[in-house]
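Counting from 1, one number per residue, gives the positions in the sequence shown under the UniProt record's numbering.
Hints are computed from structural coordinates only; laboratory data are not their basis.
Accuracy of the hints is not assured; some may be wrong.
Simulated DEER-style distance windows between Cβ atoms [to be verified]:
1. T207 to G125: 45 to 51 Å
2. A52 to G182: 19 to 25 Å
3. L191 to G167: 36 to 42 Å
4. A164 to V205: 27 to 33 Å
5. G125 to E79: 20 to 26 Å
6. L183 to E227: 41 to 47 Å
7. A52 to R211: 35 to 41 Å
8. R188 to T149: 23 to 29 Å
Predicted model only: the values in this text are computed from it and were never measured.
Quick reminder that beta carbons are idealized off the backbone N, C-alpha and C, glycines included.
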Amino acid sequence: MSTHAGSASGPATGLAYRRDLRPHIPRTGTTDRSRVLDIGCGQGELVRLLVADGFDARGVDVSTEQVSLARAAGLDRVEQADFHAHLRASAGSWDAVVATDVLEHLTRDEVLQTFDDARVALRPGGVLVARVPNAVSPTGGHTMWGDVTHETWFTRRSVAQLAAVTGFTSVDVFACPPPAHGLVSAARALLWRPISGVFKLALAVETGVVRGHIVTQNLTFVAHTREVTNS
1 MSTHAGSASG PATGLAYRRD LRPHIPRTGT TDRSRVLDIG CGQGELVRLL
51 VADGFDARGV DVSTEQVSLA RAAGLDRVEQ ADFHAHLRAS AGSWDAVVAT
101 DVLEHLTRDE VLQTFDDARV ALRPGGVLVA RVPNAVSPTG GHTMWGDVTH
151 ETWFTRRSVA QLAAVTGFTS VDVFACPPPA HGLVSAARAL LWRPISGVFK
201 LALAVETGVV RGHIVTQNLT FVAHTREVTN S
């Protein structure tokens, strides 16, 4: 089963990519382009965006249908395969592994395996970048329960636990507020600021923790591998 619906790339997709994913994908700083693997890539819309930004991007998806549609649309950078096997077979090959709206479709054990496989596939200093549903969000039920194939949900703390037990050195977690790509969406983005402040205040009152709350329906995390240092 593919984790992507396969819809065409639109303004919201491009904005979310530029805001939530692209800033966290490392550039090599050499003449070689950063190598990026999109796991669960569907029809490859993210691969297209990455290639347009100058990355050496590839995609892998288990769905023969989704990969066939990508290739029929002229994208030859996608492969039909189990991404766990693909990651294990390409140890130390990638600067970034990207998983957008993918990990929630996996069981907890499969998520752990994905973290571990991604760490093996990454070069030193590489990153696993993913967008996942945020179980702490007061409005997160729409995302978490809106798809019958969802198996696992995430929080800032659980992401940190997953990264730690699978050998990543650190993890950063970011909110995914509504992107503004038109008049209505711009109004939503503007209104979200005070509304999210109320949600954060409620969590602070209940938990006693004042800082660090993420209340958007989705969150983005960046798990880092150890960089090689010259001694």
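Tested hints:
1. T207 to G125: 45 to 51 Å: Violated: the Cβ-Cβ distance is about 34 Å, outside 45 to 51 Å.
2. A52 to G182: 19 to 25 Å: holds (22 Å)
3. L191 to G167: 36 to 42 Å: holds (41 Å)
4. A164 to V205: 27 to 33 Å: Since the Cβ atoms of A164 and V205 sit about 29 Å apart, the hinted range of 27 to 33 Å holds.
5. G125 to E79: 20 to 26 Å: holds (25 Å)
6. L183 to E227: 41 to 47 Å: holds (44 Å)
7. A52 to R211: 35 to 41 Å: Holds - the Cβ-Cβ distance for A52 and R211, about 37 Å, lies within 35 to 41 Å.
8. R188 to T149: 23 to 29 Å: holds (27 Å)
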